[in-house]
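*Asks:* Given next are the chains, with one letter for each unit.
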Amino acid sequence: MAGAMSATVGQLAGATGGRIVPAQGLDEAASAARLLTGVAGLGDAQVSDLSFLANPKYMGLLPTTRAGCVLIGAAQAPLPHAVQVVVANPDHTLAQLVEAFGPKPVHPEVGIHPTAVFGARVTIGARCRIGAYVVIGDDCRLGDDVVLHPHVVLGAEVAVGDASVLYPHVSVRERCTLGARVVIHNGTVIGSDGFGYATVDGVHRKIPQIGTVVIEDDVEIGANTAIDRARFGRTRIGAGTKLDNLVQIAHNVEVGPHGIIVAQAGIAGSTRIGHHVIMGGQTGLAGHLNMGNHVTITAQSGVGKNLSDGAVVRGSPAQEFKTEMAQEVARRKLPEALERLRKLEARIAELEKKP
Amino acid sequence: MAGAMSATVGQLAGATGGRIVPAQGLDEAASAARLLTGVAGLGDAQVSDLSFLANPKYMGLLPTTRAGCVLIGAAQAPLPHAVQVVVANPDHTLAQLVEAFGPKPVHPEVGIHPTAVFGARVTIGARCRIGAYVVIGDDCRLGDDVVLHPHVVLGAEVAVGDASVLYPHVSVRERCTLGARVVIHNGTVIGSDGFGYATVDGVHRKIPQIGTVVIEDDVEIGANTAIDRARFGRTRIGAGTKLDNLVQIAHNVEVGPHGIIVAQAGIAGSTRIGHHVIMGGQTGLAGHLNMGNHVTITAQSGVGKNLSDGAVVRGSPAQEFKTEMAQEVARRKLPEALERLRKLEARIAELEKKP
Amino acid sequence: MAGAMSATVGQLAGATGGRIVPAQGLDEAASAARLLTGVAGLGDAQVSDLSFLANPKYMGLLPTTRAGCVLIGAAQAPLPHAVQVVVANPDHTLAQLVEAFGPKPVHPEVGIHPTAVFGARVTIGARCRIGAYVVIGDDCRLGDDVVLHPHVVLGAEVAVGDASVLYPHVSVRERCTLGARVVIHNGTVIGSDGFGYATVDGVHRKIPQIGTVVIEDDVEIGANTAIDRARFGRTRIGAGTKLDNLVQIAHNVEVGPHGIIVAQAGIAGSTRIGHHVIMGGQTGLAGHLNMGNHVTITAQSGVGKNLSDGAVVRGSPAQEFKTEMAQEVARRKLPEALERLRKLEARIAELEKKP
Numbered sequence: 616m617a618g619a620m621s622a623t624v625g626q627l628a629g630a631t632g633g634r635i636v637p638a639q640g641l642d643e644a645a646s647a648a649r650l651l652t653g654v655a656g657l658g659d660a661q662v663s664d665l666s667f668l669a670n671p672k673y674m675g676l677l678p679t680t681r682a683g684c685v686l687i688g689a690a691q692a693p694l695p696h697a698v699q700v701v702v703a704n705p706d707h708t709l710a711q712l713v714e715a716f717g718p719k720p721v722h723p724e725v726g727i728h729p730t731a732v733f734g735a736r737v738t739i740g741a742r743c744r745i746g747a748y749v750v751i752g753d754d755c756r757l758g759d760d761v762v763l764h765p766h767v768v769l770g771a772e773v774a775v776g777d778a779s780v781l782y783p784h785v786s787v788r789e790r791c792t793l794g795a796r797v798v799i800h801n802g803t804v805i806g807s808d809g810f811g812y813a814t815v816d817g818v819h820r821k822i823p824q825i826g827t828v829v830i831e832d833d834v835e836i837g838a839n840t841a842i843d844r845a846r847f848g849r850t851r852i853g854a855g856t857k858l859d860n861l862v863q864i865a866h867n868v869e870v871g872p873h874g875i876i877v878a879q880a881g882i883a884g885s886t887r888i889g890h891h892v893i894m895g896g897q898t899g900l901a902g903h904l905n906m907g908n909h910v911t912i913t914a915q916s917g918v919g920k921n922l923s924d925g926a927v928v929r930g931s932p933a934q935e936f937k938t939e940m941a942q943e944v945a946r947r948k949l950p951e952a953l954e955r956l957r958k959l960e961a962r963i964a965e966l967e968k969k970p
Numbered sequence: 616m617a618g619a620m621s622a623t624v625g626q627l628a629g630a631t632g633g634r635i636v637p638a639q640g641l642d643e644a645a646s647a648a649r650l651l652t653g654v655a656g657l658g659d660a661q662v663s664d665l666s667f668l669a670n671p672k673y674m675g676l677l678p679t680t681r682a683g684c685v686l687i688g689a690a691q692a693p694l695p696h697a698v699q700v701v702v703a704n705p706d707h708t709l710a711q712l713v714e715a716f717g718p719k720p721v722h723p724e725v726g727i728h729p730t731a732v733f734g735a736r737v738t739i740g741a742r743c744r745i746g747a748y749v750v751i752g753d754d755c756r757l758g759d760d761v762v763l764h765p766h767v768v769l770g771a772e773v774a775v776g777d778a779s780v781l782y783p784h785v786s787v788r789e790r791c792t793l794g795a796r797v798v799i800h801n802g803t804v805i806g807s808d809g810f811g812y813a814t815v816d817g818v819h820r821k822i823p824q825i826g827t828v829v830i831e832d833d834v835e836i837g838a839n840t841a842i843d844r845a846r847f848g849r850t851r852i853g854a855g856t857k858l859d860n861l862v863q864i865a866h867n868v869e870v871g872p873h874g875i876i877v878a879q880a881g882i883a884g885s886t887r888i889g890h891h892v893i894m895g896g897q898t899g900l901a902g903h904l905n906m907g908n909h910v911t912i913t914a915q916s917g918v919g920k921n922l923s924d925g926a927v928v929r930g931s932p933a934q935e936f937k938t939e940m941a942q943e944v945a946r947r948k949l950p951e952a953l954e955r956l957r958k959l960e961a962r963i964a965e966l967e968k969k970p
Numbered sequence: 616m617a618g619a620m621s622a623t624v625g626q627l628a629g630a631t632g633g634r635i636v637p638a639q640g641l642d643e644a645a646s647a648a649r650l651l652t653g654v655a656g657l658g659d660a661q662v663s664d665l666s667f668l669a670n671p672k673y674m675g676l677l678p679t680t681r682a683g684c685v686l687i688g689a690a691q692a693p694l695p696h697a698v699q700v701v702v703a704n705p706d707h708t709l710a711q712l713v714e715a716f717g718p719k720p721v722h723p724e725v726g727i728h729p730t731a732v733f734g735a736r737v738t739i740g741a742r743c744r745i746g747a748y749v750v751i752g753d754d755c756r757l758g759d760d761v762v763l764h765p766h767v768v769l770g771a772e773v774a775v776g777d778a779s780v781l782y783p784h785v786s787v788r789e790r791c792t793l794g795a796r797v798v799i800h801n802g803t804v805i806g807s808d809g810f811g812y813a814t815v816d817g818v819h820r821k822i823p824q825i826g827t828v829v830i831e832d833d834v835e836i837g838a839n840t841a842i843d844r845a846r847f848g849r850t851r852i853g854a855g856t857k858l859d860n861l862v863q864i865a866h867n868v869e870v871g872p873h874g875i876i877v878a879q880a881g882i883a884g885s886t887r888i889g890h891h892v893i894m895g896g897q898t899g900l901a902g903h904l905n906m907g908n909h910v911t912i913t914a915q916s917g918v919g920k921n922l923s924d925g926a927v928v929r930g931s932p933a934q935e936f937k938t939e940m941a942q943e944v945a946r947r948k949l950p951e952a953l954e955r956l957r958k959l960e961a962r963i964a965e966l967e968k969k970p
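Protein chains in written order, with the working numbering: chain V, 616 to 970; chain S, 616 to 970; chain P, 616 to 970.
Mixed in with the good hints, there may be bad ones.
Just so you know, same-sequence chains aren't split out, so a pair can sit in one copy or run between any two.
To be verified - Distance condition first, Cα-Cα at most 20 angstroms in a straight line; then the derived PhoX-like pairs of lysine-lysine:
| id | residue 1 | residue 2 |
| --- | --- | --- |
| 1 | LYS821 | LYS968 |
| 2 | LYS948 | LYS958 |
| 3 | LYS968 | LYS958 |
| 4 | LYS920 | LYS937 |
| 5 | LYS937 | LYS958 |
| 6 | LYS937 | LYS948 |
| 7 | LYS969 | LYS958 |
To be clear, the hints were calculated from the coordinates, so they are not data collected in a lab.
Please take these sequences and the hints and turn them into a complete structure.
*Replies:* Have a look at this one:
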């Protein structure tokens with residue numbers, strides 16, 4: 616990451632309102648004057664790198680880190696090597712610093728690449744960046760500052776809000792709409808047909824999927840994820856929700872705002888989930904469920920029933936966290952418990968022989 | 616969905632042979648004259664919408680639904696708002712009505728987009744629709760009415776049967792064949808190399824994967840799914856089988872006809888499954904297995920052994936449904952059972968002290 | 616596979632140093648003269664096919680196989696139909712034979728397709744094959760003999776080593792690097808943003824992901840897999856490691872050399888795994904873990920803690936293989952054990968009544 620950024624500790628502290636704690640044997644002025652040109656984790660960082668402590672798990676690395684500067688939530692005694700900059704939320708502050716001082720994302724140039732193919736009646740806002748081999752269907756509407764990377768395909772009547780970014784090989788099928796500042800990573804599919812069939816005499820007849828998908832503002836979606844269009848009505852991803860890679864969202868699902876859905880999770884058809892829901896990696900939700908707000912589903916769990924606000928569940932089928940945890944602990948004692956049971960039976964048989 | 620369709624209740628009943636049950640306070644003529652312009656679920660529908668009851672779970676919505684008309688399997692007493700149209704299979708009937716009266720899928724125009732790139736000796740049937748930036752390898756053969764959306768890539772010697780539809784970013788590798796009326800959604804890959812290596816002195820040497828994939832008639836495959844080519848011979852998906860999104864089919868797998876494979880399921884190499892098999896979401900099958908016909912595997916299960924016709928299994932590793940269910944029920948009593956065991960031991964120790 | 620290859624048994628034995636065991640009723644010369652034109656599994660093979668026995672599970676097929684020739688690790692008594700060619704590693708030998716005598720992969724022609732779009736300052740080695748509609752960003756560097764299939768997209772400053780092959784619809788984001796002889800199958804994404812947010816007042820703020828991905832030499836990656844770029848620093852896949860389809864590798868993960876990661880497995884952020892690790896299908900690793908070398912994780916397991924060299928684990932959450940297996944066996948006895956427990960309680964109550 617050499618050359619990734621260039622700022623002194625003093626500039627960073629100034630930009631974030633952070634308090635400087637000098638390193639051992641360094642005065643305040645020398646601490647502030649340190650030049651940082653990269654960002655790295657505590658274990659890898661050099662004196663020219665900014666690092667940070669967000670996960671307390673890595674606290675033990677502080678005495679040995681070679682980082683020039685560490686963003687930290689609570690001031691520690693002066694460290695051997697690193698200057699501390701104390702801020703309320705190191706993760707968020709780091710993000711802001713990288714955005715201000717770090718490398719910028721590489722997007723196509725402003726304008727329309729000559730190889731882009733446009734349908735009829737397409738409207739495009741100001742300052743859009745349309746890359747090579749983009750295909751845009753009839754009647755699409757793009758807001759201002761939209762970025763379509765090479766090989767993006769939009770079907771007919773797709774709307775894309777201001778400042779949204781679609782990476783290469785994203786495709787959005789007809790009539791789906793994306794809000795403002797939506798980011799979709801490579802290969803993700805929005806608006807494929809929902810998986811619906813009526814079985815007649817053992818033959819699966821397709822149920823037409825004539826609804827759409829609505830992606831609200833500030834949603835980010837990872838790579839190679841699939842979000843199906845509704846049977847009718849719409850599949851909806853609420854504002855500010857973040858989806859990771861390889862996630863499956865079936866038809867007519869409604870995901871509330873500000874959710875976190877980790878990689879390889881899947882939600883079956885017509886399930887509705889509230890706001891601020893967290894689904895761990897490789898979790899699954901059955902269809903036609905109602906999930907409350909602030910629900911947390913731990914990794915690899917599978918949920919088959921409705922959950923109310925604030926529920927925390929684990930297991931497959933999932934149960935309340937502590938309940939399932941107690942069962943899991945008990946399960947580990949099971950081989951020994953069966954042996955104890957066998958012995959008890961022998962001892963009772965012995966007792967029963969007594970007159 | 617305003618404008619999605621346009622038909623009166625009478626027209627719909629006529630087209631389906633359904634019986635009309637007027638809504639409360641509405642006579643037969645007024646019921647039949649209602650104009651429907653959209654389709655919606657019971658909870659969202661307005662008076663201008665057609666709705667339906669297929670899943671009995673939603674029965675409770677009938678008294679309050681605002682739908683103008685409801686397709687239903689068994690006649691109910693007149694509803695406050697909705698006219699009932701009674702048909703044998705509401706799901707299937709709805710599908711037929713939407714196909715007849717609803718919006719049509721948006722495909723590229725008949726003909727070949729000027730940007731499509733063709734290899735040598737490609738043959739194309741009548742009325743095909745070849746979109747922008749499609750790439751077709753040498754010696755490919757396309758039947759009549761084939762639709763290739765923008766950015767589809769076909770390798771050499773690929774055959775595509777009549778009326779098949781490939782959505783954007785689908786790729787089919789060399790020598791694979793698709794039957795008639797096959798539908799493949801965006802981003803899906805047919806014919807990537809199987810995952811096979813011979814490990815020699817700790818180094819994994821690739822085993823060439825020189826077989827193909829055969830997709831039979833009337834198969835539909837979701838988005839971002841992957842079906843590997845065979846090591847030799849072929850990987851096969853039987854006629855009428857439907858695969859959802861993000862499914863993994865390994866080399867040399869044989870899936871029988873009329874199966875249903877839900878999202879994120881995976882089948883390891885050389886496993887064969889019969890006809891009418893249902894694999895739930897996120898299920899897995901180990902390699903080299905034989906599955907019978909009409910097997911059902913519930914969501915998130917993992918199967919490691921052969922299953923005979925009609926088997927219904929759950930769990931990981933999967934067992935017969937009721938057997939596994941009884942174990943799961945017992946597991947939930949385990950923490951309390953361990954406590955009871957501990958008490959028994961104390962009581963027996965007490966008894967044993969008696970002379 | 617008719618026409619897939621063309622060689623006599625004698626030529627194959629000569630090329631591999633294998634020993635010929637004639638079939639019943641056939642002399643050495645007639646055995647060596649047999650012409651093989653295809654490759655097939657034991658159950659499907661005809662007299663014109665080469666077959667092989669690598670998995671002892673299929674030993675029972677030897678007496679009935681119609682294959683003209685079988686590669687085998689240990690000589691058997693003469694078979695009714697098949698000539699045996701005895702070699703040390705049938706899998707590996709078959710691979711070599713197919714490579715020498717079988718069909719060659721179908722790649723674009725040497726040269727640059729006129730529709731390929733190049734950024735500024737791109738350097739390309741000798742004999743590269745750049746297919747239709749490939750897009751290459753500024754400052755990319757390609758070694759010799761690189762193959763980019765149609766619709767591959769490389770972002771700015773991407774490096775691709777000698778003889779690497781990228782299949783259709785692969786995209787590699789800016790600044791990522793691929794070593795020599797890397798093979799990436801269709802639709803796979805290298806370098807999408809890691810999934811990282813700092814949550815401030817319930818709103819998820821993106822943490823810029825300014826690192827890269829490094830794919831080392833001889834790595835092969837399946838279809839529709841996603842490998843995220845690092846937050847900073849790099850995500851790394853070690854030399855010779857093989858990834859299957861639909862695998863998720865999160866930001867800052869480090870996978871050691873010579874690993875095998877089966878389809879639909881996922882590794883969460885910052886986890887490091889050693890060399891020769893085997894992850895079964897649909898397995899998951901939590902984030903921030905350290906895995907040793909030669910670790911084996913069986914299918915569908917989920918690992919939440921560090922594992923040391925040679926560990927073999929199963930279950931979710933995963934435990935040492937035999938430990939977990941004993942618990943699973945015990946679990947299956949649980950319904951009956953609860954019944955035994957109930958009876959014991961009754962018998963003890965009875966005993967306790969005694970004076």
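*Asks:* Work down the list of hints and note, for each, if the structure agrees.
*Replies:* Do the hints match the structure? See the list:
no.: 1; hint: LYS821 <-> LYS968; result: neither (69 angstroms within a copy, 68 angstroms between copies)
no.: 2; hint: LYS948 <-> LYS958; result: both (15 angstroms within a copy, 16 angstroms between copies)
no.: 3; hint: LYS968 <-> LYS958; result: both (16 angstroms within a copy, 17 angstroms between copies)
no.: 4; hint: LYS920 <-> LYS937; result: both (17 angstroms within a copy, 19 angstroms between copies)
no.: 5; hint: LYS937 <-> LYS958; result: neither (30 angstroms within a copy, 23 angstroms between copies)
no.: 6; hint: LYS937 <-> LYS948; result: both (17 angstroms within a copy, 14 angstroms between copies)
no.: 7; hint: LYS969 <-> LYS958; result: both (17 angstroms within a copy, 19 angstroms between copies)
The earlier numbered hints that this structure contradicts are 1, 5.
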